[in-house]
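J.: Numbering (the UniProt record's numbering), first residue to last: 1 to 300.
You can trust all of the hints, since none of them are fake.
Restraint-style ranges between C-beta atoms, simulated for each label pair: (1) Gly153 / Ser129: 16 to 24 Å; (2) Ala123 / Ala35: 45 to 53 Å; (3) Leu60 / Glu150: 55 to 63 Å.
Below are the SDA-like pairs computed for lysine to any residue, each with C-alpha atoms no more than 25 Å apart in a straight line: (4) Lys42 / Asp61; (5) Lys42 / Leu69; (6) Lys249 / Pro189; (7) Lys59 / Glu29; (8) Lys187 / Pro170; (9) Lys187 / Asp258; (10) Lys42 / Thr24; (11) Lys249 / Ala290; (12) Lys59 / Ala36.
These are calculated hints, taken from the structure and not from any lab test. Backbone N, C-alpha and C define an ideal beta-carbon position, used for all residues, glycine too.
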Amino acid sequence: MSENLPPLPTLRVFEAAARHLNFTRAGEELGMTQAAVSYHIKLLEERIGATLFVRQGRKLDLTDTGNTLAPALSSAFRSVASAFEAAKAKTGSTLSISALPTVSTQWLARRLGAFQISHPGLAVRLEMSTALVDFDHDDIDVGIRVGLGEYPGLVSHLLFRAEYAPMLSPALAASVGGVETPADLLKLPFVSEGELWNAQWLELVGLPRPDVVKGLNVNFGSQYLDAAAAISGAGIAMLTPALYREELKDGRLIQPFDTVGVDPVSYWLVYPHARRTLPKIRAFRDWLLAEAEALQNHGD
1 MSENLPPLPT LRVFEAAARH LNFTRAGEEL GMTQAAVSYH IKLLEERIGA
51 TLFVRQGRKL DLTDTGNTLA PALSSAFRSV ASAFEAAKAK TGSTLSISAL
101 PTVSTQWLAR RLGAFQISHP GLAVRLEMST ALVDFDHDDI DVGIRVGLGE
151 YPGLVSHLLF RAEYAPMLSP ALAASVGGVE TPADLLKLPF VSEGELWNAQ
201 WLELVGLPRP DVVKGLNVNF GSQYLDAAAA ISGAGIAMLT PALYREELKD
251 GRLIQPFDTV GVDPVSYWLV YPHARRTLPK IRAFRDWLLA EAEALQNHGD
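Please build the complete structure, drawing on both the sequences and the hints.
T.: What follows is the structure, given as structure tokens:
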């Protein structure tokens with residue numbers, strides 16, 4: 001169908017000229033000269049094969065052909081403008097975030113209320129998912145990912161490193177007379193026995209790397225679920241300390257040792273490069289980076 005249509009700029013020029021019935025005023029509206037307007041009208045008349053305007057003295061009028069075309073074009077441009085404003089309003093009023101379950105529950109969700117208070121005109125939708133976002137097709141504005149920060153076509157900002165240390169419930173520690181040395185951990189089950197962080201942390205404290213640590217024969221695949229199991233007393237979980245400050249503060253978990261492992265990957269805020277100037281993304285980026293800095297500085 002588009003092959004039968006004249007160029008959009010030419011149609012836009014005709015629509016403006018038909019409204020004003022004046023080539024000079026149409027040119028002023030569109031930022032072009034009267035001669036350029038005349039050129040576009042001539043192109044359109046040649047394409048249609050009929051005259052669109054007739055001059056009667058000093059007055060410019062539409063011909064019958066022009067009168068047939070002008071109302072339809074004006075209506076079409078109004079519809080396009082309305083659709084654009086609706087899409088712009090939708091884009092500007094809702095911020096859609098995709099984040100990992102652990103980051104969502106342990107950090108982001110606890111703070112989003114403060115962000116919304118400072119941006120009352122912006123609604124926030126948080127989706128918890130481990131899947132990578134396809135920003136070209138998914139209705140998502142920003143994402144929080146774990147990786148090395150190299151994402152083609154995306155802007156990425158470092159939030160914090162993926163650190164880990166063993167944590168457990170006070171009751172579980174008491175069940176073996178307390179955890180005084182790292183070796184005492186081997187008396188207890190680990191929540192996710194196949195977790196690589198288990199063996200890596202034990203190596204950090206000088207213990208021989210075991211082929212298999214004593215475990216529950218289950219792997220939850222999520223820090224959030226590991227932490228829930230650890231809080232219930234089921235076993236030791238390797239968790240990111242910055243994300244579990246509340247649980248450590250209120251005594252639901254204890255971190256017996258200060259030694260912390262550092263994974264090569266980190267947590268990143270990402271969004272498409274093409275959307276980097278959207279006000280809602282800039283606002284969320286600035287707020288989240290400040291929150292991440294406070295987290296790194298051991299803020300609440």
